[in-house]
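A.B. asks: In case you want the letters, here they are:
There are 2 protein chains.
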Amino acid sequence: MNDEATPTYIDIIDQMTLGLRFLNDTFGIGARPLVAWHIDPFGHSREQASLFAQMGFDGFFFGRLDYQDKEKRQKEKNMEGVWRGSANLNPPSADLFTGVLPNGYNPPDGFCWDQLCADEPIVDDKNSREYNKEKFVSLFLETAKKQSKYYKTNHIIMTMGSDFQYENANVWFKNMDKLIKHVNEKQKDGSKVNVFYSTPSCYLQDLNKAKLTWSVKYDDFFPYADSAHSFWTGYFTSRPALKRYVRRSSALLQVCNQLEVLAGTQANKGPYGRAESTVLRQAMAVAQHHDAVTGTEKQHVANDYAWQLSRGWLACETVIKNALYNLSGNTDKLSICPLLNISLCSVTESEKQFRVMLYNPLGREIAWNVRVPVQGRAYTVANHAGKPLDSQVMPQFFLGLYHHGKSHKPSVNELVFQASAPPLGFSTYTVTSQKGNVARPSPPQRVQHQEVIVIQNEHLQLTFNGTTGLLSSMKNLDSGLFLPVVQNFYWYQGSKGNAENIQTSGAYIFRPNVSTPLPISPKAQLDVVKGRLVEEVRQTFSPWCQQVVRLYQGSRHAEFEWHVGSIPIVDHLGREIITRFDTPLRTKGLFLTDANGREMLTRRRNFRPTWKLNNSEPVAGNYYPITSTLAMKDEKAQVTLVTDRSQGGSSMKDGSLELMIHRRLLFDDFRGVGEALNETGANGQGLTIRGRHLLFLAPPDSSARLSRLAGELQLSEPQLVFGTLHKKSRHPYKDGEFSGLRVALPASVHVLSLSRWDAHTLLLRLELQFEKHDDRNLSRTVTINIARMFSTLDVESFKEMTLGANLRLKDLHRLSWDTVERENEHRSKAMQEPTDPSDMMVTLQPMQIRTFLVRTKAL
Amino acid sequence: MNDEATPTYIDIIDQMTLGLRFLNDTFGIGARPLVAWHIDPFGHSREQASLFAQMGFDGFFFGRLDYQDKEKRQKEKNMEGVWRGSANLNPPSADLFTGVLPNGYNPPDGFCWDQLCADEPIVDDKNSREYNKEKFVSLFLETAKKQSKYYKTNHIIMTMGSDFQYENANVWFKNMDKLIKHVNEKQKDGSKVNVFYSTPSCYLQDLNKAKLTWSVKYDDFFPYADSAHSFWTGYFTSRPALKRYVRRSSALLQVCNQLEVLAGTQANKGPYGRAESTVLRQAMAVAQHHDAVTGTEKQHVANDYAWQLSRGWLACETVIKNALYNLSGNTDKLSICPLLNISLCSVTESEKQFRVMLYNPLGREIAWNVRVPVQGRAYTVANHAGKPLDSQVMPQFFLGLYHHGKSHKPSVNELVFQASAPPLGFSTYTVTSQKGNVARPSPPQRVQHQEVIVIQNEHLQLTFNGTTGLLSSMKNLDSGLFLPVVQNFYWYQGSKGNAENIQTSGAYIFRPNVSTPLPISPKAQLDVVKGRLVEEVRQTFSPWCQQVVRLYQGSRHAEFEWHVGSIPIVDHLGREIITRFDTPLRTKGLFLTDANGREMLTRRRNFRPTWKLNNSEPVAGNYYPITSTLAMKDEKAQVTLVTDRSQGGSSMKDGSLELMIHRRLLFDDFRGVGEALNETGANGQGLTIRGRHLLFLAPPDSSARLSRLAGELQLSEPQLVFGTLHKKSRHPYKDGEFSGLRVALPASVHVLSLSRWDAHTLLLRLELQFEKHDDRNLSRTVTINIARMFSTLDVESFKEMTLGANLRLKDLHRLSWDTVERENEHRSKAMQEPTDPSDMMVTLQPMQIRTFLVRTKAL
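For the protein sequence lines, the chains are A and B, in the order given.
Each number in the numbering used here corresponds to the 1-based position in the first sequence with 852 added.
Each number in the numbering used here corresponds to the 1-based position in the second sequence with 852 added.
Heads up, a few of these hints could be off.
Same chains, same names: a pair is fine if it fits in one copy or spans any two.
PhoX-like mimics (lysine-lysine), calculated; alpha carbons at most 25 Å apart, straight line [unchecked claim]: (1) Lys1001 to Lys1033; (2) Lys1040 to Lys1026; (3) Lys978 to Lys1150; (4) Lys1121 to Lys978; (5) Lys1030 to Lys1040; (6) Lys1038 to Lys985; (7) Lys929 to Lys1044; (8) Lys1709 to Lys1063; (9) Lys1348 to Lys997.
If you are wondering where the hints come from, they were derived from the structure by calculation, not from laboratory data.
Chain A extracted, bound-state conformation (with noise of 0.2 Å):
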């Protein structure tokens, strides 16, 4: 059950698969659920009702929405309806049958049966001192009559069990058959109630004989408030370390699957020992929890899932070394350094020469600015081939930040130089340290009295106030786009409750005290670096939060790198930071922001599209998950934020966009974590936070391709590698670059999934990456011939399954629902395989994924 918010699309979908398919294996094709089931995630994404519908559900339940929703659904007899899940693929291929239940997971007041529960038992012996049974059957006809005003058939459905229920089930089967018998024994009297033991796709089935016409709906269930001052979008931010590492880990993952596949079973047995990737897929699967990647679990419990997923990095090294070896030759000493976030990496910290190899996980080539510490002053940086590349060294900026532990001297520079990686593989450059007396890198400037800062490269120019020392503007020198964007960073304080109401804010729940927050400082001081690969403003805006705002050589963003931490609490006071973009773009209360990374969705301040919106919260109540993307926009530009983890976004003014970076809270605030959200680390100090944005500035029609291509790239970042040079390898060797694909996917195809499946068969799925609307050529139709598609793979053949991987396409049957739309004509024919599989060439459309059993001579 994951969270909706916060996970990306990729994750979301391997975790269902892995799940799937532990199903199948474990109770057979006849088993497979018709029915899913999110009855505890705190709010619902239209992707999710997307991704279920592909992957063959007839039907969805769920529990949390808002309550004004709620209560005018209920009014409305409007329960349950279909949900169309996608504006791009065509009806019902993303429609999901969706109906909220009654209690949320709870069962009806009055009857609860279990270890934690205090609902007396039933006693229909009439000898005894406690019989109450007419009392129950009374109360149980009479929740049912009640429940029985909101929902359109004649069955109900009532959701007996809860959180931590079922330990010891036979008190609440005992009580139970009890109640059936009972209630039911009433038909004697004329009772029409009938009830028994059933599951959701019994009831579903029912639901669907009723041959009704049911609403639709387009938007999503984002933000959730289950009352007037509990807006659950605090957790969209909550732990945004751990946010950060499942993010980073889906990347690992990719890589690691994809060099299962391209290297075989030597990547699970080699020089570097034995591994696979299991053990970072399930970490990561269970990280998807909704208590896990949305940073509402206890700090324990959270500690333990960092924990599965740094056991899943050392098996996934282990596979990438082996795997690098075996495809490469390369006989260096292989290490990954997993810190290099925190500008930790032995290798390039203490060898005179290493080596770096760099793996593309993408279907097209890509450029990539290599970051990494060092102690020296100048390095030369070479290909493969021996053909040297430019590089840049500069003083770190964050140095010292970090507790490293007293026996690390942390190197005092950072060496910066661009590599490249072809499609689905490797590249390896060799870095070797200057010799003789190299001049120290230049210092950075102190901006002292200087009016206007300014950096650029050939596609941006940015410039800095500074006397303030913000960011003033951003200029789009392609296009000659210009927009005045003041940013900073500020903080709500966390409510502790007050006297309208209790509700404080903590790991699940945002709510500031007041609805304009305070910026941290007014001002920032600059230190300005510039170099020949990129020109960097450095802002220090307090001891605890920096920036440097960047522009790499050809790069068609700024990038924000900023650091945040430890928040003080010495005042006793909580406190959510933001960041800030200030634009005279005029949006008219419209945003964008991202479903789990994928489609975009328009957002409008104090509104929802199917209710009258009484926002009690006027920051909270604006708060929505942003995975990937942030946007605004009028006619001629388009502001466009693409972020490093998911976190919590709105637009609070026309022309602003600010986005939930880090929290630090002292209240728990009384949705069962029981802690208050005050992450410390080892040191004993409030955690820090290193993140970074890239900002987009482009005309609007034109925005999509830049920030959905540095998208694809956050999510899938290629993985470096380090090699420690030993005598047998201090020379470039010829097999330093290698691609698994005879020819680059064109840019709009994501190579979603590439996995071993079993040992002749490959699991491999593809997506159209764009929306309909978004470029005049990405979002064009692809065809992709499979067949041909791999370097060193011979593919026999495959068969298309649903996304989850666990049923042919072709085998599956959902479902048909009459809705208001009447679209349905077309229903049976949309989830067949439209492919001849003789031919294997496979066609995709904006934003379908299509998921195929791959066939190979031995993986």
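Given the coordinates of chain A, assemble chain B onto it according to the supplied hints.
C.D. replies: Just chain B now, kept in the frame of chain A:
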């Protein structure tokens, strides 16, 4: 798992019979339990061991014994051995192999896995952060090694469970499976420990196979102390009202059982409706539980036990009335007046003429002083043949002490007459109010200035000190024995915990705060009533403590009927009330107490037979359970007290006997009940308790005869049934007297059980209720012809059974154990049926009980 201190042997046997029969009926004879398992009762009675042995158990395990005893047994490897349950029966018929469990009923420290346990689960997955298998294996091996030092064989038992455990059994089994697996794996490395799931009987088998010579235990395990200041001797008296209700219900159940046999199925359906004895039998069985009759349950649970008994009373009232209607032809409207104990009986209080039927469950004819509340001043009483009897009307003494409700105006007078009833039968008396101007009964004489007050009958004379109002001496007129005896009521202040130890006095624990009890009053006000049938001294010690000392015509004991309560707590002190009899007898620290109403044990103050006692609680550590009898003696005289319910008692100094009769305490004593023992009635006041003690003074060699027969009558009171006459029943009728026996049994023979087993079979238990050395005549062997015993039943055949009636005696083959005493030669013969079934002659030895299933021509 009945309590062992407070139930009578009759009730223990009855409830075990019910349970063992349930096991036979449910699982078959193959599931007959071989081991008795009393892991929680608060001390262990020798009679219980004897009864278990006679029920055919091979062994017995328990958990609670004095902490000093346990320490010594551990040191001496004497945790297991043979317990000789009887000083009268030939070994090994009452010998029971007995083991003390290592940890009470708990698992070893650190090995508890359940809903209510906090021990960490065993994690044997090396990939888990919580891997702890090795730690558990080491701890287990250490634990096993330590425990093995206390036990003689190579086998040890570990009790893996506790109170409220296995609610969620999977947690236990999952962890034990792992523990067993991993501990046994250590055998590869030379470990000698083999652990497996076992049962008490398997364990016992292995102890038996060890062929060791075992110690012999002759005394019992009372009192139980779990630490220096925590003697579990309070519960001997706790909830005296419930204890009396249980005792009185026991007699009613015997009557009910017998009438179902004697009247057959006519008892179960008749003019009074349908009913069976089962209701009371089950309620009584439950009431023997070690947190029921003990008084150590919460108040609402005590209420439920009482409620269950009251349902049993209703059922048995119907059975008895149907039976008497059927056997006698009496068409009166019959009722039983269950509140006669508080002088409430609507028939006798409202009718001018009424009938009294007296059913006697004993095998001999009895005399009984009928005492009923009446409104009239004088009555004539006639037996079934119309022969008039003497009677006496006198003012009630305890009048106005009860909370009767507003509508009831209590009767001011009591009518007394001496009835008799034939063995296993009834007699009928007609009582008629004398018409016309009858004089009021003479009021009690207030004692003002006399020096000495004397009451007497043919056998006894009591003198009272006119100044103090206290009993001053007693004389046995038959033997000429004279003894100064001073009786008074005292109170111990229940400890609230003190600096030495936090232990409080509570439901389980007796801990007075000082060793010398305070008199409730040094003086009593006296009123004297003398009539032809009874002479009474009525003592008022305080508004909440009164007593009548009476001598009935023909009685060989003095009756002390006391009335105590509501105990005041305005000073916030807990009070524990005793009655004490002080004499100049030189008793050398010795006194005698019964075990479950059967054999007597000799006690010695501040002494235990099997270890050197370090008594840190001078009073509580000398308290013993008195189920029926407390006595002391010197060469010439014995003073014996017979109680009407279980109480704690002692002899705190030579020549003195004390019984604790009521307790009201204000603190929980930390043994699980979680409430203070502060019983309050419907009026919100502390409970009032009315009870009676019989006091005997006789030469030692004739004391047992008197006290045992009177005690038998206390345990098996005749049942009074009252008839409201109507037109048709205004005259005496011929079947006013009935006996189920052809001839009375000898007085030494107690009809322990006579109940219906099935349509053609009755359960019969006969007992010789005297010990070997009790009495020259009554201790003699007796032979009974079962075939000719009953007046109305045609006996066809019988089978002799074990005491629990679940196995034919001839099929019983108990394990044989060598002891340090080696009397085991005649072992194999001891339990055989010694009687030729064809002649149906049954011989009884002192203290022998024999159990038969008797087949008759229809019941």
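A.B. asks: Could you check the structure against the hints above and give me the numbers of any it violates, in ascending order?
C.D. replies: 8 and 9
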